[in-house]
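Asker: First to last, the sequence lines map onto chains A and B. The first sequence runs contiguously to residue 248 in the numbering used here. The second sequence runs contiguously to residue 253 in the numbering used here.
What the hints contain is simulated information worked out from the structure, not anything from laboratory work. Take the hints with a grain of salt, since some may be wrong.
Said to hold, decoys possible - The list that follows gives simulated cross-link-like pairs (lysine-lysine, DSSO-like), each with its CA atoms no further than 27 Å apart:
1) A:K194 / A:K243
2) A:K211 / B:K151
3) A:K243 / A:K183
4) B:K151 / A:K194
5) A:K190 / A:K243
6) B:K151 / A:K183
7) A:K194 / A:K240
8) A:K240 / B:K164
9) A:K211 / A:K190
10) A:K186 / A:K211
11) A:K194 / A:K211
12) A:K183 / A:K202
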Amino acid sequence: GDSVTQMEGPVTLSEEAFLTINCTYTATGYPSLFWYVQYPGEGLQLLLKATKADDKGSNKGFEATYRKETTSFHLEKGSVQVSDSAVYFCALSRTGAGSYQLTFGKGTKLSVIP
Amino acid sequence: DAGVTQSPTHLIKTRGQQVTLRCSPKSGHDTVSWYQQALGQGPQFIFQYYEEEERQRGNFPDRFSGHQFPNYSSELNVNALLLGDSALYLCASSFGFDGGVHEQYFGPGTRLTVT
């Protein structure tokens, strides 16, 4: 079945450091890929998405590129801020035939210290 | 414009009891999905409702059931509660059911504790 593997957390970075959170997936066909963020006490928010190979999703300074050859969708940000502290989830969905079921990784907790 | 709302925020139940969780989708959305998020884990898909019918179901037992109302709101029911049902239950809504990529908007969740 479909699965998503993320790097284990927690990750602690100093403000303005470079961030990478690795994500790889297993799925048949060509899934769409997502990064969601969950701030303390809140629901999940879509951060960015990519729907086909070589697409780059970007939002709020975060980027991720859909790499079909390595089945990866790593999240990056050039300079993190304290406000980026949250849990980040990589997810995939297969589309078609009215389906939009999300399969999530376990999440990576990011803490950014001043 | 209200986003996805869920009630109650927190709930404590005893093993063997039954529970009902409620969700109102974002305005204009017609599809509702439910997810279970255990502590320290990613959300797991329970089922999805569109046009008042269950359209897809994840790997959850029949103790988990749901309903969607004509106004698109939804309920999740869990019977014969087990300790392992303790989790954050997330509702997500989206618009359309045509196989395309539709952003799902998540509510804040209901924290269920089974003792």
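Asker: All the hints need checking, so say for each whether the structure fits it.
Answerer: Evaluation of the provided hints:
1. Pair hint A:K194 plus A:K243 holds up; C-alpha atoms about 18 Å apart against a cutoff of 27 Å.
2. Restraint check for A:K211 and B:K151: the C-alpha separation of about 42 Å exceeds 27 Å, so the hint is violated.
3. With a C-alpha separation of about 19 Å, the suggested pairing of A:K243 with A:K183 holds against the 27 Å cut-off.
4. Proposed proximity of B:K151 and A:K194 is contradicted: the alpha carbons are some 40 Å apart, above 27 Å.
5. For a cut-off of 27 Å, the pair hint linking A:K190 to A:K243 stands: about 23 Å separates their Cα positions.
6. Of the pairs offered as hints, the one joining B:K151 and A:K183 is violated, with about 37 Å between alpha carbons and a cut-off of 27 Å exceeded.
7. Among the hinted pairs, A:K194 with A:K240 is consistent with the structure: their alpha-carbon atoms are about 22 Å apart, no more than 27 Å.
8. Straight-line distance between C-alpha atoms of A:K240 and B:K164 comes to about 26 Å, which keeps the hinted pair within the 27 Å bound.
9. Taken as a hint, the A:K211 and A:K190 pair is honoured in the structure, with Cα atoms around 13 Å apart against an allowance of 27 Å.
10. The suggested pairing of A:K186 with A:K211 holds, with an alpha-carbon distance near 21 Å, which does not exceed 27 Å.
11. Taking the CA atoms of A:K194 and A:K211, the gap is about 9 Å. The hint holds against a cut of 27 Å.
12. Annotation: proposed proximity of A:K183 to A:K202 holds, straight-line Cα distance about 14 Å (limit 27 Å).
Hints 2, 4, 6 from the list above are not met by this structure, while the remaining hints are.
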